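Note that the protein sequences, when read in sequence, are chains A and B.
Quick note on numbering: my numbering labels position 323 of the first sequence as 323, and the sequence is numbered without any gaps.
Quick note on numbering: my numbering labels position 23 of the second sequence as 23, and the sequence is numbered without any gaps.
I should point out that these hints are in silico values taken from the structure, not numbers from a laboratory.
Note that this is a predicted model, so its numbers are computed, not measured.
Keep in mind that the hints are not guaranteed to be accurate.
Stated by the list, open to error - Below are the EDC-like pairs computed for lysine to aspartate or glutamate, each with C-alpha atoms no more than 20 Å apart in a straight line:
#1 B:LYS239 / B:ASP273
#2 B:LYS190 / B:GLU161
#3 B:LYS142 / A:GLU62
#4 B:LYS239 / B:ASP249
#5 B:LYS239 / B:ASP51
#6 B:LYS406 / B:ASP319
#7 B:LYS301 / B:GLU161
#8 B:LYS142 / A:ASP96
#9 B:LYS142 / A:ASP271
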Amino acid sequence: MPVARFLLRRLAALTALLVALSFIVFSLLHVAPGNLVKNLLGPRPATPEAVAAIRERYHLDEPFLAQYAHWLGGVLRGDLGVSARSGTDITTVLGDRVGLTLLLAGLAALLAIGVGVPLGIRAAQRTGSLTDRLITGSAVVGVSAPGFAVGLLLLYVFAVMLGWFPIYGTGEPGLDRLRHLALPAVALALGTGAMVVKVTRTAVARELQQDYVTFARSRGVPERVVRRTYLRNASVPVVTSAGLVVAGLVGGSVLVESVFAIPGLGVLLADSITYKDVPVVQAITLLVAATIGVTTALVDLYTAVADPRVRRATVGHGRGRGAVGAVADPTLPDASLPTSALPDGSLPGGMPGPGAGGAA
Amino acid sequence: MSTTRRRTRGALATTLALGLLALAACAPSGPAPGSTTTPAPVTTDASKELDQLTVGLAASAETLDVSTSGLMVAYTIAAVAQEGLVTIDDTGAIVPALAETWKTDDNTSFVYTLRDATFSDGTPVTTDDVVASINHYRDAEKAPSTAYYWPAVKSVEATGEREVTITLEAPSATFAWTPSAAAGLFVAPKKWLESAGTIGSPTDLLVGTGPYTITEFVPGSHVAAERNEKYWGSKGRAKTLRLDFITDDSTRLLAFQDGSLDIAFNVPVDQADQWSKVEGARLETVDDNSWQGLMFNPATKPFDEPEVRRAVAHAIDRDAITTGLLKGKATPATGITAPGQLAIGTSAADAEAAVAQLPVAAFDLDAARAELAKSSVPSGFTTTLAYPDSIPALGRASLAIAEQLKQIGITLEVKQIPVSEWSNSFGNGEGVQWMSYTPPVPTDWPTDWLLGEYNPEGFTDTKIIGLQAESAAATTPAERLAKVTEATKLALEQQLFAPVYWGTSTTAVGKRVATEGFSQYFFQTPWPTRVVPTA
Numbered sequence: 001m002p003v004a005r006f007l008l009r010r011l012a013a014l015t016a017l018l019v020a021l022s023f024i025v026f027s028l029l030h031v032a033p034g035n036l037v038k039n040l041l042g043p044r045p046a047t048p049e050a051v052a053a054i055r056e057r058y059h060l061d062e063p064f065l066a067q068y069a070h071w072l073g074g075v076l077r078g079d080l081g082v083s084a085r086s087g088t089d090i091t092t093v094l095g096d097r098v099g100l101t102l103l104l105a106g107l108a109a110l111l112a113i114g115v116g117v118p119l120g121i122r123a124a125q126r127t128g129s130l131t132d133r134l135i136t137g138s139a140v141v142g143v144s145a146p147g148f149a150v151g152l153l154l155l156y157v158f159a160v161m162l163g164w165f166p167i168y169g170t171g172e173p174g175l176d177r178l179r180h181l182a183l184p185a186v187a188l189a190l191g192t193g194a195m196v197v198k199v200t201r202t203a204v205a206r207e208l209q210q211d212y213v214t215f216a217r218s219r220g221v222p223e224r225v226v227r228r229t230y231l232r233n234a235s236v237p238v239v240t241s242a243g244l245v246v247a248g249l250v251g252g253s254v255l256v257e258s259v260f261a262i263p264g265l266g267v268l269l270a271d272s273i274t275y276k277d278v279p280v281v282q283a284i285t286l287l288v289a290a291t292i293g294v295t296t297a298l299v300d301l302y303t304a305v306a307d308p309r310v311r312r313a314t315v316g317h318g319r320g321r322g323a324v325g326a327v328a329d330p331t332l333p334d335a336s337l338p339t340s341a342l343p344d345g346s347l348p349g350g351m352p353g354p355g356a357g358g359a360a
Numbered sequence: 001m002s003t004t005r006r007r008t009r010g011a012l013a014t015t016l017a018l019g020l021l022a023l024a025a026c027a028p029s030g031p032a033p034g035s036t037t038t039p040a041p042v043t044t045d046a047s048k049e050l051d052q053l054t055v056g057l058a059a060s061a062e063t064l065d066v067s068t069s070g071l072m073v074a075y076t077i078a079a080v081a082q083e084g085l086v087t088i089d090d091t092g093a094i095v096p097a098l099a100e101t102w103k104t105d106d107n108t109s110f111v112y113t114l115r116d117a118t119f120s121d122g123t124p125v126t127t128d129d130v131v132a133s134i135n136h137y138r139d140a141e142k143a144p145s146t147a148y149y150w151p152a153v154k155s156v157e158a159t160g161e162r163e164v165t166i167t168l169e170a171p172s173a174t175f176a177w178t179p180s181a182a183a184g185l186f187v188a189p190k191k192w193l194e195s196a197g198t199i200g201s202p203t204d205l206l207v208g209t210g211p212y213t214i215t216e217f218v219p220g221s222h223v224a225a226e227r228n229e230k231y232w233g234s235k236g237r238a239k240t241l242r243l244d245f246i247t248d249d250s251t252r253l254l255a256f257q258d259g260s261l262d263i264a265f266n267v268p269v270d271q272a273d274q275w276s277k278v279e280g281a282r283l284e285t286v287d288d289n290s291w292q293g294l295m296f297n298p299a300t301k302p303f304d305e306p307e308v309r310r311a312v313a314h315a316i317d318r319d320a321i322t323t324g325l326l327k328g329k330a331t332p333a334t335g336i337t338a339p340g341q342l343a344i345g346t347s348a349a350d351a352e353a354a355v356a357q358l359p360v361a362a363f364d365l366d367a368a369r370a371e372l373a374k375s376s377v378p379s380g381f382t383t384t385l386a387y388p389d390s391i392p393a394l395g396r397a398s399l400a401i402a403e404q405l406k407q408i409g410i411t412l413e414v415k416q417i418p419v420s421e422w423s424n425s426f427g428n429g430e431g432v433q434w435m436s437y438t439p440p441v442p443t444d445w446p447t448d449w450l451l452g453e454y455n456p457e458g459f460t461d462t463k464i465i466g467l468q469a470e471s472a473a474a475t476t477p478a479e480r481l482a483k484v485t486e487a488t489k490l491a492l493e494q495q496l497f498a499p500v501y502w503g504t505s506t507t508a509v510g511k512r513v514a515t516e517g518f519s520q521y522f523f524q525t526p527w528p529t530r531v532v533p534t535a
């Protein structure tokens with residue numbers, strides 16, 4: 001099964017990536033300013049004995065590689081460790097936060113893609129028009145506006161002035177929680193959505209300038225069919241970049257979480273880095289990296305489905321490298337285009353396709 | 001504090017000091033400078049009950065266990081549900097809690113007589129529970145942050161059916177404050193202490209005898225509590241209590257404007273106007289005993305020369321910084337440990353007299369120039385001053401100081417660094433550094449650390465360190481005050497420190513409630529019982 005082989009390969013690559021990443025993060029934390037001993041003891045008089053006791057408990061006197069081996073060994077045994085800051089084990093620390101952050105990021109992704117893609121397509125279809133300028137203009141604002149500032153603005157307008165949404169917190173699970181997460185999701189989605197708009201607009205606009213679109217239109221191919229064709233071609237870069245941007249939502253929600261007082265992974269990660277709480281930082285980075293890894297794998301799968309050239313390269317022949325970001329190259333000969341591009345199987349440009357008449 | 005106490009694991013109460021939080025409370029109820037309530041308190045209704053009292057905390061908690069986090073926010077939360085043998089009042093003086101009475105004749109042996117009280121799990125409080133709690137919270141391994149406040153103890157034992165006696169190795173002037181929930185003791189059932197997995201985690205909520213019982217804790221989000229109907233003291237007026245962690249200042253303001261919060265912590269200096277405009281709001285501003293000042297490293301050139309240190313000290317315009325930059329929400333510091341703290345166990349007059357003896361370099365650029373002229377760098381030099389990102393006020397003060405220093409030829413490069421880097425930078429050889437220390441506990445004086453053997457700058461003046469050690473071993477508050485004053489005097493004569501300001505903190509109280517006897521110690525007492533509905 002080529003698909004199963006593809007997935008297995010990706011899984012192996014992801015595992016290797018996670019191990020490498022955990023090592024890099026561990027090293028970075030090791031050299032970053034700050035000191036767990038001082039964080040635990042506080043800026044107080046500390047005797048050599050007190051310092052030694054803590055250094056021993058957290059293996060701080062062992063060589064760097066031995067410290068990493070300690071952590072990795074624990075993980076391999078299924079023990080993610082204990083948070084230095086709260087003394088609770090990682091699964092408890094992450095507990096509800098994972099679900100909350102996933103829900104928030106999911107809502108934001110839904111909004112960013114659900115609104116961003118249609119707007120991008122619209123702007124591309126009307127390049128140069130007022131609609132286009134309006135949409136691109138707003139996207140520039142969206143990309144530039146910092147999430148926390150937008151968050152505060154949203155809070156002021158929709159929570160304080162209009163009173164439609166609660167100001168902070170997460171509420172009870174269920175509809176109440178959705179209501180609490182609505183504004184944070186919008187604040188988080190804004191920057192990402194704007195990015196999606198811009199990527200979509202560029203991709204669709206480029207397809208629209210391709211000869212095959214002009215020819216198809218000139219031959220009277222119904223617009224519905226032409227649209228399906230160029231959208232499918234444009235979808236590869238859109239899905240690729242949207243996948244990456246959306247995966248970044250999980251880790252990028254620090255400021256929004258802080259504004260809306262949501263106990264998510266972002267704030268926990270930021271605090272844990274400051275505190276040098278290694279087990280928590282490692283667990284969150286791995287979780288985020290795994291999310292990104294899975295998302296890119298899904299994106300690649302989609303790319304393979306949408307673009308036969310990539311499918312042949314990625315899934316069919318077992319050479320998967322470089323699949324991410326592979327896009328339809330407009331300079332390639334027409335023969336490389338999906339053969340199903342036009343309803344009668346003919347190729348654009350008036351060349352008779354296999355088993356089809358020349359006239360359209 | 002004794003040498004042993006210094007030797008025990010230090011507390012993270014510090015994080016407060018780090019300015020990561022800056023919750024806390026401040027200022028005695030007396031006419032302390034900077035202690036104000038605007039507008040005047042409103043009338044209260046003695047019969048009214050509240051369904052819920054909602055409080056917006058400015059810091060977030062990952063654990064409710066004070067003994068491992070030492071965070072001020074953890075003290076605030078624990079004060080709701082747990083008690084020590086004694087507690088403190090508005091002025092920081094000791095008053096009864098679980099012990100109806102206590103006595104000591106020699107500041108060495110302390111005898112406590114327990115009252116009849118019941119834990120939130122329904123079991124009665126026994127002397128066994130008290131002894132087990134004391135042994136837990138003074139254990140440097142299990143409870144590093146509270147163990148810091150425990151001197152060397154000879155024995156802790158039940159000496160009667162309702163009597164517990166604590167005997168110290170040596171007399172202590174400050175021990176009387178230690179077995180309180182404002183410092184180092186939270187009485188809990190022995191069984192629970194032994195069986196709880198992780199004390200203060202969402203699965204092992206605090207058990208105690210306080211006025212409320214914690215029912216839910218979501219780290220980073222909130223704490224919920226309900227009234228403890230079996231509480232021995234006067235009951236809280238709200239059926240339930242909700243403490244929300246809202247770390248963003250603007251969000252907390254919006255929530256307060258909206259009426260979602262009855263009490264909100266940490267009103268920032270530059271937002272005070274907006275907060276005070278909220279209908280029915282009262283702002284309680286109290287001294288928080290925090291010390292902000294410069295520390296010089298006498299081992300780093302050119303700060304090894306007292307003339308250079310004095311030149312910098314003379315260039316600090318304390319009045320301009322406190323009235324201008326900090327809008328009057330600070331007091332120019334003329335010493336190190338704040339008068340409010342020095343007065344504990346003695347009197348405000350004693351404390352003021354002590355501070356008045358301290359030599360503090362006045363703002364005088366001519367004097368600064370003259371000092372510099374006597375040094376090896378008469379035409380000036382360039383140095384850097386870093387401030388932690390968590391305390392923007394220090395950044396503004398740094399720029400003001402840099403401006404004055406420029407006039408005498410010293411170029412001060414001001415830079416912002418992450419708080420974690422800052423707290424890790426003491427004694428690393430920088431010539432001049434900021435110190436900001438907010439003592440979490442009344443008897444915890446900044447001088448204990450700054451002038452002690454393990455001082456952050458690593459100076460080795462045996463006279464100062466010796467005096468500080470004597471103050472730690474003092475047997476009466478008056479003796480402690482005298483020794484600390486002498487040590488501080490020497491340190492300031494040598495200009496090892498340049499005091500800048502003593503800080504304040506402001507709490508906002510909404511229109512539904514009023515606070516009784518608000519002071520810097522308010523949130524370290526069983527505070528929910530002192531919040532009453534307005535008429």
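Cross-check of the supplied hints:
1. Under the criterion of a C-alpha separation no larger than 20 Å, the hint pairing LYS239 (chain B) with ASP273 (chain B) is inconsistent with the structure, at around 32 Å.
2. Between LYS190 (chain B) and GLU161 (chain B), the direct Cα distance comes to roughly 16 Å. Compliance with the 20 Å bound is thereby established for this hinted pair.
3. Restraint check: the Cα-Cα separation between LYS142 (chain B) and GLU62 (chain A) comes to about 23 Å, which exceeds 20 Å; the hinted pair is violated.
4. Among the hinted pairs, LYS239 (chain B) with ASP249 (chain B) is inconsistent with the structure: their alpha-carbon atoms are about 28 Å apart, more than 20 Å.
5. Between the alpha carbons of LYS239 (chain B) and ASP51 (chain B) the distance comes to roughly 5 Å, so the proposed pair stays at or under 20 Å and holds.
6. Of the pairs offered as hints, the one joining LYS406 (chain B) and ASP319 (chain B) holds, with about 19 Å between alpha carbons and a cut-off of 20 Å not exceeded.
7. The suggested pairing of LYS301 (chain B) with GLU161 (chain B) is violated, with an alpha-carbon distance near 63 Å, which exceeds 20 Å.
8. Taking the CA atoms of LYS142 (chain B) and ASP96 (chain A), the gap is about 27 Å. The hint is violated against a cut of 20 Å.
9. A distance of roughly 23 Å separates the Cα atoms of LYS142 (chain B) and ASP271 (chain A); the hinted pair therefore is violated under the 20 Å criterion.
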